[in-house]
Structure formats: C-alpha cells, structure tokens
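There are 2 protein chains.
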Amino acid sequence: MNTELPRGVAVIGQSGGPTAVINQSLVGVVEGLRSGLHAAGVVTKVLGMKHGVRGLTKGEFHDLTGTDQDTLDRLAATPSAALGSTRDKPDAAYCERILDACRDHGVRYYFYIGGNDSSDTCRIVSEMAAARAYDMRCFHVPKTVDNDLKENDHTPGFPSAARFVAMACMADFMDNISLPGIKINVVMGRHAGFLTAAGALARRYDRDLNPWSDQVSTDGPQLIYLPEVAFDLDRFAADVEAIYAKKGRCHVVVSEGIQDKNGKSIGATLIKGGQVDAHGNVQLSGSGALGDQLADFLKEKLTPAGGKPPRVRADTFGYVQRCWPDASPVDSREARRAGRFAAQLALAGERSGSVAIERTGSGSEAWLGKDNGTPYLSGFKRVDLSAVAAKTRHMPPEFIQGHNNVSRAFIEYCLPLVGPLPGFERL
Amino acid sequence: MNTELPRGVAVIGQSGGPTAVINQSLVGVVEGLRSGLHAAGVVTKVLGMKHGVRGLTKGEFHDLTGTDQDTLDRLAATPSAALGSTRDKPDAAYCERILDACRDHGVRYYFYIGGNDSSDTCRIVSEMAAARAYDMRCFHVPKTVDNDLKENDHTPGFPSAARFVAMACMADFMDNISLPGIKINVVMGRHAGFLTAAGALARRYDRDLNPWSDQVSTDGPQLIYLPEVAFDLDRFAADVEAIYAKKGRCHVVVSEGIQDKNGKSIGATLIKGGQVDAHGNVQLSGSGALGDQLADFLKEKLTPAGGKPPRVRADTFGYVQRCWPDASPVDSREARRAGRFAAQLALAGERSGSVAIERTGSGSEAWLGKDNGTPYLSGFKRVDLSAVAAKTRHMPPEFIQGHNNVSRAFIEYCLPLVGPLPGFERL
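First to last, the protein sequences are chains D and Z. When you read off a place in the first sequence, starting at 1, and then add 1139, the result is the number in the working numbering. When you read off a place in the second sequence, starting at 1, and then add 1139, the result is the number in the working numbering.
Read the hints as simulated data drawn from the structure, not as lab findings. Treat the hints with care, since some could be wrong.
Each pair may be met inside one copy or between any two copies, as identical chains are not told apart.
Stated by the list, open to error - Straight-line alpha carbon distances no greater than 27 Å define the calculated DSS-like cross-link-like pairs of lysine-lysine that follow: (1) Lys1386 - Lys1228; (2) Lys1438 - Lys1228; (3) Lys1184 - Lys1520; (4) Lys1403 - Lys1438; (5) Lys1197 - Lys1386; (6) Lys1386 - Lys1440; (7) Lys1385 - Lys1440; (8) Lys1228 - Lys1447; (9) Lys1440 - Lys1400; (10) Lys1289 - Lys1403.
If we strip away everything but chain D, and leave its shape as in the complex, we get:
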C-alpha cells in the first residue's frame, strides 16, 4: 500500500446526459473502494454527490458507505443517473466552490462519471487542488452515448444506446416495408456520428446473406447522414428520390447534429427559436423539430407537378435511446469495470487520471461465428485527464463510406459491442 495515500472522504458524481449503464459505473467505484481503500481504512466515507457538482457545492450527498450489495446490484441495473445529474459547466469561480466544498467535507478522493465536459471539470478541479497543495485525487470515469471521448475504443453508454438505435431501425425498417413511404429517424449525437451510424446494424437481412460483401446494402436504412460529413439539402433530396423511385420507399437515419459545409447546424438552420443550454449548445434533443422540418422539405421537394406528395414520416428517437432498460451486456460489464478500475487507480497511488477502454479482442465472432471469429475482449488503462478533457472524438474516415453511408469497418467495430440482436424473417 502506498503510504502517502491521504485519509479522508471519497465522493462520486454523475454528470451530463444519463445512460443505461452510468449506475454500473457508480456501483463499480463503490465496490472498488470497498474492497480497496475503504477496507484499508484510508477512505472513511463514500458519498454520492446529488446532481453532481451542484449538490457537492451545497453539501448534498447520498451516503453510500453502508449501502448493501443487493441494493447496489439493483441500482447498477437501473438506467439513468441514480445520484442525479447536472448540466452545469463550472467556470473558475464555480471550481473554487467545488474545491472549498471538498475541503469542508474532508474529501480526498474525487470520482466524476461523465463525458468530455465532465472530464474537463475533473481536470480543472484536480489542477486547482494541486495548485493549492490540497492533496485530492481526481479520477474521471468515461460515460457518453455519443462515444466521442478521445483515447477510448468506445465509451460506456454507447453500446447500449447503439443497441437501442439498431433495434429501433431494425423494427422500423420492417414497418417501412410493410407500409411503404419515406421514413426519417433522427438520432442523438451533436458532434459525433457513432450513434447514428449504429443504425447500419439494422441491415440484418443483406448482411446475413453475404456478410463479407462491401456492396451498398439495399436493406434499410439505405441512407445514413452523420455530422462528420457536410450535409446538403438538395443532395439529400436527390439521394432519397433515387431510392424512392426504385423501391417506392426509403429508410433514412439522420444525426441530430448534421451540419452544412460551413459547419452550420442544419437543425439550427431549420429550427427557429431553439433553446440554448449552459454549454452554449442549441437544444436538439427533446424536440422533433429537425425530423419534421426534413420531412416537410422532402414532401415539398418530391411532390410531382400536380401530383400527390409522397408519404413522409419522421421520428426522433429521443431520450429513450439513452436510457432504454435493455442494456448491452458488454456495456453493463465494462461500465462496472471502468468504475472499479478508477478506484484501483486511487488505491495504486495515482493522483489523477481518466479511465479509458482498450479493445484487446476484435470480437469478429459477432459476424464470423464462434468457429471462425475471435471473441470480443477489452481492458482498461489510465490516461491523463488532459488527454480527454473537453476534446471531441469524431467518426474516423475509415468508418465512413461516401456522403451517406458507413463502412464495413464500422459495422465490424460496432457489432461486438451491442449484444445479440433479434433475427427477423422476411417473405
């Protein structure tokens, strides 16, 4: 045991949009502390911040020191942030108050579960504590359905949300075949297209027929629009029209974060009077406006002269995609282990760090089968907070195909993460 470990309270916070597995990470940290620093008498109490730094600065906590394991197990399997979350993005003055609160409560171990904004808060607090010579160990546990954290193969929360998007697209594509028309599904992800791209996993039928084919799928969704590729309304209409002309239907997945070649958000362009949050972002989730505007645009654009407009519908998957209670088994396990790993970093005497997921086994058995493929495996490593903080990872070019599709490489990346998908039959 590192004898320099400071004795005191450990706090855990959850921040940003909740996920289906963020409570796994919470419980992972608690378990890691229990078997480690708390068992050793170094951590005296384990407190959960109510609504992240907002509750911390007000001294509002859930005491998790003695919570029984049965409750923890049920909590872990419950979607959304059990401690309460926050969208506060602390400035320097706010971070001062965070540090003051930590001193007041004798906090020596600070765990923050969240995305890139949250890791930045963690970094600032860590640096501020060091500058004041207050020995507080600060650890960030990754979480985001957007999958946009640097240094990570993928992030806890993403596989479960991707599972929802894949299953929703699978089922909705069957609906689209049944009652043909043009269907647009809008998926979360302001800057990174990973979650939208997961819609491609819905192409079960074609893929099963010829799993090694790189040909463009005729199975839905036929068109996938990512924030990483400049979106052009006229080209969009032409893409849809070409498929609609051939099949009498078209199944489209669009990221809420699509933007034009100048980086201007299509949502912000089409939606008047959108709300802006504390991070300066236009509100895209919790509204069906982008999908409706795109649908109206297509109806107008694709109505033949003197003819009937095509049947166009838009659904915005909304908050259920981040908290649907059927988490990916891989995601549940990894989120739990990420929390435990953070506690182990503290036990090992690290002063700060962010937990990152590495893929150590490709998981090719997800598409090649057990006899020919290799199992999916992952491990964890520590990276500097500054390597993750306030940075955004985008879909790499090799995951993108053309301006309206994802590559086979993306499917191979994503498929092992989401857990078993149902098998559908078609006549």
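Keeping the supplied structure of chain D fixed, place chain Z upon it in accordance with the hints.
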C-alpha cells in the same frame, strides 16, 4: 366435418398499422388451416395478400401453402406485417373489385387481420359475396395497438405496445429525476386512450410501496391526458405548474388524440398544414409537432416575469412503440391463438365472424403475487362482424380518474397483459 364447406383457396391479409405480433396472427391462421381445412383437402392453397386488399385486387400474393414451420416460427417472432399492409379504405366499387379478384382466384376463405376499419372491409366483402350468392367465408382477426375494438377484453398488438410505453415511461422517468425539468411524452392512439394510459404502469416505485393504495402517485408520470377527457390548455398548464412548483420537475404522458371539449383535436389546432390520410384522419404519428407545440406552450406559460423559462422537453414515441421487438409474451401467444381460432371457425362451418378475446382469469397475481393472486387466462369467441366493424371502443369511465389520471382498475386491467417489467432501484 361440415359437408357444405366450399373447396378452394384461402387468402390472408394484414391491414392498417403493423404491430409487434400481427405476424403471430398470420402464422396462426396458416397453422390453423394446415391442421384443419388444408389437411382435409378443402383448402387447396393458402395465399397471403401482398399489402392487403391492394395486392389482392392486383393478384399479388405470397404462396404460404408450403412454407416450412421454421420459417413460420421466425416470421411469427418478427414485428410488422410480413405480407405488407395497406391503409386503403375500400368503398363499394373497390369492394366489387375485391370480390371479383376472389372469384378469379377461386378464393373461398377470406381472413383479414386488422382493426376496426379492416373489420368493416371484411364485413362489406362478406355481405357483398352473400348478396351475389358467392360462397366465401370471411373472418376478421383482431389487431390494433389502440385497443379500440368492441367486444374484446383487449386486442392483439396492444399488450406489446403497452409494454413499450410502460418501459419507456419507466426509463424516461428515471431520466427526468436525474436531470429535472418538465418532460412530455406523446403516445399513439387517435381516439382511444388505452395506450397512453399504459404509461401509468411506469409508476413502479409508489405502487410497490403500497400496492393497494388509490392515492395519486407522486411517481412519474404524474399527469396522463387521454382523448376521452376534454383537454384544456390552461388547465394543463396549471396541472404542470402545481407539480413543477412542488418537485422542480414534472413527467407527463399525452395521447396524440387529445381533444378539447368541442371534440376538436388539440393536435389539429396546434399543427398547421397537417396531412390527411385516406380515412380522413389528420396525420398525428410520424411527427413530433404536437409534443413540440405543447412544450413551447408550457415554456411561454410557465416562464416567470423577467425569469428563465423552465426546461421543457417533448418526445413522441413514434413508430417504434408499435413494432418494438420485445413483444409481451401474453400478446404473442394470444395473437397466434386468435389466428388459429379464425381458421377453426372456418373449419366449424361458420360463414363469417370476428375473433374476440375474453379474459377468463383476472391475472391478479401480477400485483398480488403468486400466493395471493390468480393467474391471467384468456379465451376466444366468435362475434358478428357487424359488432366490431367500424366501431370504436373507448376507455370506460371506471378506468379514468379525474381529468389527468387513470384509475387503479385500469392498472389491474393492463398489468397482467404486458409481461414482466424490470425492477428499478432509487436512492
């Protein structure tokens, strides 16, 4: 065996909005025919209409006579209408063409799986055939997520959609606690509020604490607005404000079909330029407009003078609620049996009829447990087509509590249908 049974082809069609279990009913009819009239050599072929009456009149069929059982089993477990569906609402001339097509193809057994519009088509065709002295046996198999068919305890498709709505509300309520604000979820159901009411099953926490209590739940959703109760915008704002003032959050479920005291649709009032379908209905699904308009209304109404608007979000569950691939086990079984029962009616020599579900065991074990409650049981009966055709069943008064809630009786009615719901834990 009834010796008067005409020898010929059996056709099966699927009509209206697809569901998670409509293919169970399709397979049920096929199985019922195979072991009955087809085995007896009375039914010579089993044909599936491509896109319902639309394909029938064009002579477009899937031949299901020899489809192997493995394929049928996989089809049955696949959501949406495998034969293709249609929204066509045949007039007299169209029905003539249906009858002509049936004569042309030697059809003697006509099975139509659908809702109240579809049962009306079935009735007209049946009466027309009788008037022309063409011996064709016409059977309607119930299907609708709206649960609005007369004579039925509930209809296949509803329990699975209700399961989705309940789980979505459960998960989304956890999200709402985590990041507080006002959240509106818009649920399908143009005329009947059953599916919206299923949101009440999300109140797991309160209900588990005191399952026999009739007190208004503080657990979400706190407010439920049905098409059966006149909706008043100002009263709505007051309802939300009262809960928001007390809790800093409010979780609301609203039917897409809410209407004012004059029967005018709130959706149609708020949405300009809505699309109208062949049945004369304003398009409510496949658009987030109602939710967004209600959210904008609340933001404006509940912003304190000179203050910040509350955080209001709206999600419209959209098409996934009718085809989510996690069907209620009760629903899957009943939909299959309803199809088989229709084939058995034909075998028994009935000339026409609609299959209706009766509840024969209350299913109180769903809330009282196995030791104290009774299992859920159901049976099937034949009713006249005219008893169901083009009629709409609404939420009965005993299922409604006040102007913004459902009763304990509704929960007891609905809970046994949806299958096991996950157990969530809260701190």
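Verification of the hints:
1. Lys1386 - Lys1228: Intra 47 Å, inter 23 Å, cutoff 27 Å: inter-copy only.
2. Lys1438 - Lys1228: Between copies only: 23 Å across chains, 40 Å inside a chain, cut-off 27 Å.
3. Lys1184 - Lys1520: within (26 Å within a copy, 63 Å between copies)
4. Lys1403 - Lys1438: Both: 23 Å inside a copy, 26 Å across copies.
5. Lys1197 - Lys1386: between (59 Å within a copy, 18 Å between copies)
6. Lys1386 - Lys1440: within (18 Å within a copy, 46 Å between copies)
7. Lys1385 - Lys1440: Within one copy only: 17 Å inside a chain, 48 Å across chains, cut-off 27 Å.
8. Lys1228 - Lys1447: So Lys1228 and Lys1447 pass the 27 Å test across copies only (18 Å; inside, 49 Å).
9. Lys1440 - Lys1400: within (21 Å within a copy, 38 Å between copies)
10. Lys1289 - Lys1403: Only inside one copy: Lys1289 and Lys1403 sit 23 Å apart there, 52 Å across copies, limit 27 Å.
In summary, this structure violates none of the numbered hints.
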